[in-house]
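Number of protein chains: 6
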Amino acid sequence: MRPSGRAPDQLRPVTLETRVNRYAEGSCLIGFGHTRVLVTASVEDSLPPWLRGKGQGWVTAEYGMLPRATHTRGRREAAAGKQSGRTQEIQRLIGRSLRAVVDLKALGERQVLIDCDVVQADGGTRTAAITGAWVALKMATDHLVAEEVLKQSPVIDQVAAVSCGIFEGHSVLDLDYEEDSNAEADSNFVLTAQGGIVEIQATGEKRGFARTEFDQLFNLAQSGCAELFRLQRQAVEA
Amino acid sequence: MRPSGRAPDQLRPVTLETRVNRYAEGSCLIGFGHTRVLVTASVEDSLPPWLRGKGQGWVTAEYGMLPRATHTRGRREAAAGKQSGRTQEIQRLIGRSLRAVVDLKALGERQVLIDCDVVQADGGTRTAAITGAWVALKMATDHLVAEEVLKQSPVIDQVAAVSCGIFEGHSVLDLDYEEDSNAEADSNFVLTAQGGIVEIQATGEKRGFARTEFDQLFNLAQSGCAELFRLQRQAVEA
Amino acid sequence: MRPSGRAPDQLRPVTLETRVNRYAEGSCLIGFGHTRVLVTASVEDSLPPWLRGKGQGWVTAEYGMLPRATHTRGRREAAAGKQSGRTQEIQRLIGRSLRAVVDLKALGERQVLIDCDVVQADGGTRTAAITGAWVALKMATDHLVAEEVLKQSPVIDQVAAVSCGIFEGHSVLDLDYEEDSNAEADSNFVLTAQGGIVEIQATGEKRGFARTEFDQLFNLAQSGCAELFRLQRQAVEA
Amino acid sequence: MRPSGRAPDQLRPVTLETRVNRYAEGSCLIGFGHTRVLVTASVEDSLPPWLRGKGQGWVTAEYGMLPRATHTRGRREAAAGKQSGRTQEIQRLIGRSLRAVVDLKALGERQVLIDCDVVQADGGTRTAAITGAWVALKMATDHLVAEEVLKQSPVIDQVAAVSCGIFEGHSVLDLDYEEDSNAEADSNFVLTAQGGIVEIQATGEKRGFARTEFDQLFNLAQSGCAELFRLQRQAVEA
Amino acid sequence: MRPSGRAPDQLRPVTLETRVNRYAEGSCLIGFGHTRVLVTASVEDSLPPWLRGKGQGWVTAEYGMLPRATHTRGRREAAAGKQSGRTQEIQRLIGRSLRAVVDLKALGERQVLIDCDVVQADGGTRTAAITGAWVALKMATDHLVAEEVLKQSPVIDQVAAVSCGIFEGHSVLDLDYEEDSNAEADSNFVLTAQGGIVEIQATGEKRGFARTEFDQLFNLAQSGCAELFRLQRQAVEA
Amino acid sequence: MRPSGRAPDQLRPVTLETRVNRYAEGSCLIGFGHTRVLVTASVEDSLPPWLRGKGQGWVTAEYGMLPRATHTRGRREAAAGKQSGRTQEIQRLIGRSLRAVVDLKALGERQVLIDCDVVQADGGTRTAAITGAWVALKMATDHLVAEEVLKQSPVIDQVAAVSCGIFEGHSVLDLDYEEDSNAEADSNFVLTAQGGIVEIQATGEKRGFARTEFDQLFNLAQSGCAELFRLQRQAVEA
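Protein chains in written order, with full-length UniProt numbering: chain S, 1 to 238; chain L, 1 to 238; chain U, 1 to 238; chain P, 1 to 238; chain F, 1 to 238; chain A, 1 to 238.
Keep in mind the hints are simulated off the structure, nothing from the lab. Quantities reported herein were computed from a predicted structural model and do not represent experimental measurements. A hint or two may mislead.
Intra- or inter-copy, both count: the list cannot distinguish identical chains.
As the list claims (entries may be wrong) - Derived lysine-lysine pairs resembling BS3-like cross-links, with alpha carbons at most 27 Å apart:
1. Lys105 / Lys82
2. Lys151 / Lys82
3. Lys82 / Lys206
4. Lys206 / Lys105
5. Lys206 / Lys151
Given only the sequences and the hints, what does the whole structure look like? Please build it.
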């Protein structure tokens, strides 16, 4: 039995509220159960120096966690004077995941900056961030189309992410914090609606785990993402 | 005429939603018009080294702004590797303001850390932060009383803050961003419900301004804070 | 009775020695009692990037304290690797205060950098710094006029600053360290010779204080600054 | 055809030279083709503060690249003043990989610090680092057994790592730099000799890739690691 | 001919004003011509962690330059966020030089921190700093003797420093900035009154220079330091 | 007797292996006994900003020590976030030493960056680094001549360095770590093959030392460098 009483292949309730920031070109507040991430997509005309004049755009992401997003207060990274290795790892993952579904040439010489700020954390913040980031990105680029800056959307596929893990010997979908901190294996799958793998990260937390177990996690992730793609479409069409 | 159509002595609509974070001992989301600040109060048993063993507690604050809280995206301070002078100035002000209404001995050897994160900014973020911070602090200390950690509340008065300024030659209450960026003078008043001055910061932005003008700003602040004290009480009693 | 035996409205002996640095375009060593601040004004042709090509100049300030300026040695900020929040707050205040009395267009596309280094501290270092900075700035810009770089002085008014506070229940002018560290309220007034308010910062250190008390502090500050304006004129005319 | 002429399932020549540092408790220089990583294992009696008094030890790793390890010189991280996100990601991965095969309680209250410094880079530096790190760690802990500090080895399994990817449409083992920079998909597998998965990281660099392709990469990794386990045993027994 | 008209073996006028800081246990303002360095010696009871409980004391130094000490304003190191390599090199030199003439066991478990701040620079700031630092150190330790904290002075010899160089083919003593920036060779000698060498740093700036030339520089340094030792004694006895 | 049994004027076995890095324009691994330093010379077309357009090139150096190069592991400077004062002092010295034997105009508007990484340390790392750096620099510039980028070598002399010291009352050449950490005086001489002094650094570690002793150290250094010049020529001609 899972602590939450969920079935092994059951997502937490996923909520997606859009247009939560009056300035950003795209924005949403995504919830995976008690985990809540505020995502904004900002369009800028400037590019990082190493990309200028190459006839293409860029999509990048930053990630942060409010100090009291967690059970006990964590240190504010701005006060500490640097981003932790974990933060950098996550924001690099989010950026790569989004670029996999964007035609950067079609975006033109501009940049979309995605900010993912975790307001409350109960496991799965990076997967929630990626799933919500696609929504904010899609809205921001649709805005560029509506404004006739772009002729058509440079977003060529959907991308979503979910975690799976082995908890008390069973493969389960979408770990919450209690499961995550006791899991034998933990994995994040970033997949596209057209069936492609964008990123897999799987870790045996307490022991190496078997390839057959890994295959079960992969199956769970594919069914979980199918549901997330449906919710993403619903959100951007609302 | 003010851009928003408000009367000179009229606050923007002020909203105060409490219990917005499931982990923090106290929390609220305060809105002054489009300005929205998420405030949490975290109680910790450890004290900063220089205060240990002195038979008293401490209240301190940190302040941050999400990168896209503003019209154009600002740099994330954690990525920049330091907090700006403005950020430090504001968080020092919030901490001083709260300590002015807390009996630190009665708090005992523990610390309340207030985090004020600006989710959306339209002027007056520091005054909204102070006003909301008192609510979060009060809830966190009431929680300590309810848990019988403390016998009675160490919060001995209310504190709230509001900005006033001279806009197009007129003294007005609670500047929004449009007014603030064109004001001839700008001030922040931090006052207590019992009528005390905790902090005044007044700046002539374009010119020195006259003492008679300053007195008008002070009058506006006193009436504005009276309304804020009422809303604070309503929020904590809800 | 004040520890120094001064009358409530009495400044400490103020000394202003000019031309104390053979390289700087303007310089002075200002003393408020035992507090001594070395101020230099440096003229540079380059502007900060965000001001270039806008047909105007800039005045900015940096502040520092020698490690043994104080009773017990403080940490050297260069060794610590960052300026404290207090330092940043003070140097921002000095810059704003000076810009309030300079016609930045008349200054042309150049920058005056004011360095205020506290050689010995006995309270009131920021007000001494502002008062001395005006003298150094005036001398540096007079130098530009003498060199025929500018046709006339861009300095359009005098600015000076003084602290006032409530010590043992009485309002007093120009707090020294002993008074400052025990004051019930502490304030800094930055005023112009033409009667304008440039900046007011007032803090209730131990309790909120009353508006009538604030008005007394303001009166003391106005009379103290009148004396400082006289001494500034004397110094630059010497 | 691969640029190097290798078969799809062929590793580069792997060399493992041990005892290359006269001070370290364990050390080796590992080569995967032109990639060369110098690894040392240092035993220290002190533990990180958060682990003290818990009756267990710790294994952690640091990773660095000499500035001219690469085709064009990169910036020295010590001079830049911080480790890149990539560096932190890699050293966290190395540490996790090693801890998966160590009984931390059996290690006792001491720490093994693994330093992996890339002397020359031609792709696969992180997998070479992990594979060599196990050798250095094993030697260092065998040294503790030989010195009778420990009764038996706390290293309970072997761990090795290899990269696989899709290059010009084909799944290939152990990418060199030329393949890596043009791969359609890139993955790193960290596996144990007993058949467990410690870590999988797979990324679609240019497109999402298919689950059938992923399964081919996994097969290649398993056969590649089998060879690496043999070479590790040979090295520690030499 | 030297730009200043001095003879090759002639020091600039050296001034030594003591008791220039009312808080420091020892202090002086030393001038070598236009070069002026403010030196304070602070006695603290705490020791750096690696020295505690070893039955000895420590003497260390920090060095800084006010931004406008030089012809054109330099960047403030506290604002830059770090001390330059040059600054660190100099402060390490000052510390070593002083420790060479102090019996650290006789000093007891306390620390003397020397702060050398260059108020105006015209070449030779490090040698002036060392020469003045000895005076401040001597006064601070004499103060400990006078206070009966120590039975006798732990300062067992005098130390002073002077620069010499080859300017337009001639060996000259005590370079000023104009000479220094055009010298073919530049050297600093730190010597003791009893005839010992504490430190020699000699650099061929434009070419390697000959051993016979080096010997001439050494001769000049010995005669220059003899004069400095006399002035130091005069200063501390005043 | 020296701990190593060497004669007072005897160098440790010096080894010089060239072409140890397949990417660098010049490289060598130099050994002075157990001390081993890996040196690469990288040619870049870009110059530091302050040198651009002046018709000359630049040679600069960076120095680092692998964490376990020493008996006990030292902290990784990249992880610490800054280079120590010692590191900066050494890399400045290496750069100055090399520039003394290069015609920077003949080098043209390009830069040679020397990286000296200490793989194993047993005293004398800075002198080994300088001696090896000349070899790498010479090879890199010979490469530019071979590629017809330059008509002739801009390297106009050889430079090498060796340490000398006073150990148990005797002057000895090329201190190893055991001697170095107990020496009464320690010195580094950087000399050219044509007999010029590039740099002398001499320090009395425990006492001031006499000029006659210094002269003995100088004699040892000259004979030691003569041998190093011969080995350098042999290495580049191999």
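Structure-based check of all given hints:
no.	hint	in the structure
1	Lys105 / Lys82	neither (33 Å within a copy, 32 Å between copies)
2	Lys151 / Lys82	neither (40 Å within a copy, 40 Å between copies)
3	Lys82 / Lys206	neither (29 Å within a copy, 31 Å between copies)
4	Lys206 / Lys105	between (44 Å within a copy, 13 Å between copies)
5	Lys206 / Lys151	between (51 Å within a copy, 23 Å between copies)
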